[in-house]
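Asker: Work the whole structure out from these sequences, hints included.
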Amino acid sequence: MPRCWTTQRESARGGLDLRTIVIGTGFGRQHLSWLSECTGADVRYIGFSRDEGHARELAAEFGVAEVTADPLAVIESGEVDAVAVASPPATHEQYLTAAVAAGLTVVSDKPLAADLAGAGRIVALAEAAGVANAVTFQWRANTAFRRLKALLTRGELGEVVHLDLEFRHDFLAGPTTAWPWRHRWETAGGGALGDMGVHLFDQVRWLVPGDWSATAATASVVWPLRQAADGSGVVECETDDVAEVLLSNGTAGARVFVSRVSSGYRTVRIQVSGTRGVAVLTADPDDGSATLVIRSAESDQLDVRFGPDTMNPYAALFAQDPESASFADGHAAQLLVDGALRLGCATPSVILTGSLNRI
125 MPRCWTTQRE
135 SARGGLDLRT
145 IVIGTGFGRQ
155 HLSWLSECTG
165 ADVRYIGFSR
175 DEGHARELAA
185 EFGVAEVTAD
195 PLAVIESGEV
205 DAVAVASPPA
215 THEQYLTAAV
225 AAGLTVVSDK
235 PLAADLAGAG
245 RIVALAEAAG
255 VANAVTFQWR
265 ANTAFRRLKA
275 LLTRGELGEV
285 VHLDLEFRHD
295 FLAGPTTAWP
305 WRHRWETAGG
315 GALGDMGVHL
325 FDQVRWLVPG
335 DWSATAATAS
345 VVWPLRQAAD
355 GSGVVECETD
365 DVAEVLLSNG
375 TAGARVFVSR
385 VSSGYRTVRI
395 QVSGTRGVAV
405 LTADPDDGSA
415 TLVIRSAESD
425 QLDVRFGPDT
435 MNPYAALFAQ
445 DPESASFADG
455 HAAQLLVDGA
465 LRLGCATPSV
475 ILTGSLNRI
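All residue numbers for the sequence shown refer to my numbering, where the first residue is 125 and numbers rise by one.
A hint or two may mislead.
As the list claims (entries may be wrong) - Quick list of the computed label-pair ranges, beta carbon to beta carbon:
(1) 201 - 176: 17 to 25 Å
(2) 354 - 180: 16 to 24 Å
(3) 340 - 186: 41 to 49 Å
(4) 251 - 406: 31 to 39 Å
(5) 184 - 444: 31 to 39 Å
If you're looking for bench data, these hints aren't it; they were derived computationally from the structure. These numbers come from a predicted model, not from an experiment. Glycine residues also receive a C-beta, built at the ideal position from the N, C-alpha and C atoms.
Answerer: Structure, rendered in structure tokens:
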């Protein structure tokens with residue numbers, strides 16, 4: 125497996141393992157799994173906010189020595205060299221700011237912050253401090269997506285005219301929710317666009333570099349009232365469950381569609397139309413397996429199937445892969461989210477109305 129990327133702090137310790145704290149016990153589990161695959165990543169702490177029991181279960185599963193309810197104290201203690209933030213977006217800025225101030229390597233889950241202003245502050249601090257930084261846009265690490273990127277870089281489809289991207293999932297299908305924070309602007313910073321659309325915005329920028337901006341956008345709340353899965357009561361839902369955004373970079377257009385309420389349907393699909401052909405990539409967001417279909421009038425037709433892929437962004441980060449996403453990339457993707465919000469996604473329409481009993 126790739127060796128972890130070198131930091132000044134690591135070199136000063138003679139090249140020992142990069143001591144890390146993972147903050148967050150939800151998607152933090154995925155970060156722990158990725159890090160367990162990387163030689164040189166030594167996770168010393170798991171940070172939690174409320175569920176100490178779950179944190180200890182993860183610690184036992186991944187062989188982590190300590191759990192802590194005070195990640196900031198660990199960051200400031202000098203006991204770690206790197207911080208991986210996988211907690212809700214509203215908490216990102218405080219942890220990332222502290223980690224940058226301590227001169228640590230910093231990794232953030234998406235979105236980079238709860239709003240564009242916060243993301244901008246984080247980028248400015250990290251660049252001024254010169255610390256290694258990254259956002260875990262894991263689809264960049266997927267073999268099939270890299271094949272599509274290489275195809276476009278070589279110009280095999282000619283000039284790109286249009287991209288059509290869809291990400292459908294069902295983790296919030298139905299009238300209950302395990303994550304009340306996801307349904308408030310203050311804590312989530314976005315709904316399906318923040319959960320999923322930010323990945324597709326990054327893909328647009330990565331696959332076809334250019335000055336992309338949102339030109340039109342719509343969004344809907346499917347369940348305006350939900351029942352909290354823990355029995356704590358009714359959740360009033362503000363953030364979007366379904367959204368569609370049109371983009372342009374002046375020479376090409378793109379459509380981004382996301383849904384987190386697609387019952388029984390989980391897929392990522394990207395179609396790229398160029399002047400010499402079309403490529404369609406369809407992937408399973410759970411195991412990373414994918415199919416890439418290429419059609420061109422000038423060459424043989426090609427269908428390629430790719431097996432399961434862990435899409436481990438840390439392996440690429442630790443190898444200093446230039447395709448890895450930085451905080452600046454996270455900010456750029458969030459800029460497109462913000463553009464969509466300004467065009468109407470911040471006030472999504474309601475598809476399903478009525479009382480919780482009717483829902």
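Asker: For the pair residue 184 and residue 444, does the Cβ-Cβ distance stay inside 31 to 39 Å?
Answerer: The hint (31 to 39 Å, Cβ to Cβ) holds, given that residue 184 and residue 444 are roughly 32 Å apart.
Asker: Against the range 41 to 49 Å, how does the distance between the Cβ atoms of residue 340 and residue 186 compare: consistent or not?
Answerer: holds, 44 Å
Asker: Given a hint of 17 to 25 Å, does the C-beta separation of residue 201 and residue 176 actually sit inside it?
Answerer: holds, 19 Å
Asker: Taking 31 to 39 Å as the stated bounds, is the beta-carbon spacing between residue 251 and residue 406 within them?
Answerer: 37 Å Cβ-Cβ, so the 31 to 39 Å window holds.
Asker: State, for the Cβ atoms of residue 354 and residue 180, whether the hinted interval 16 to 24 Å holds or is violated.
Answerer: holds, 19 Å
Going down the numbered hints, you'll see the structure goes against none, and every one checks out.
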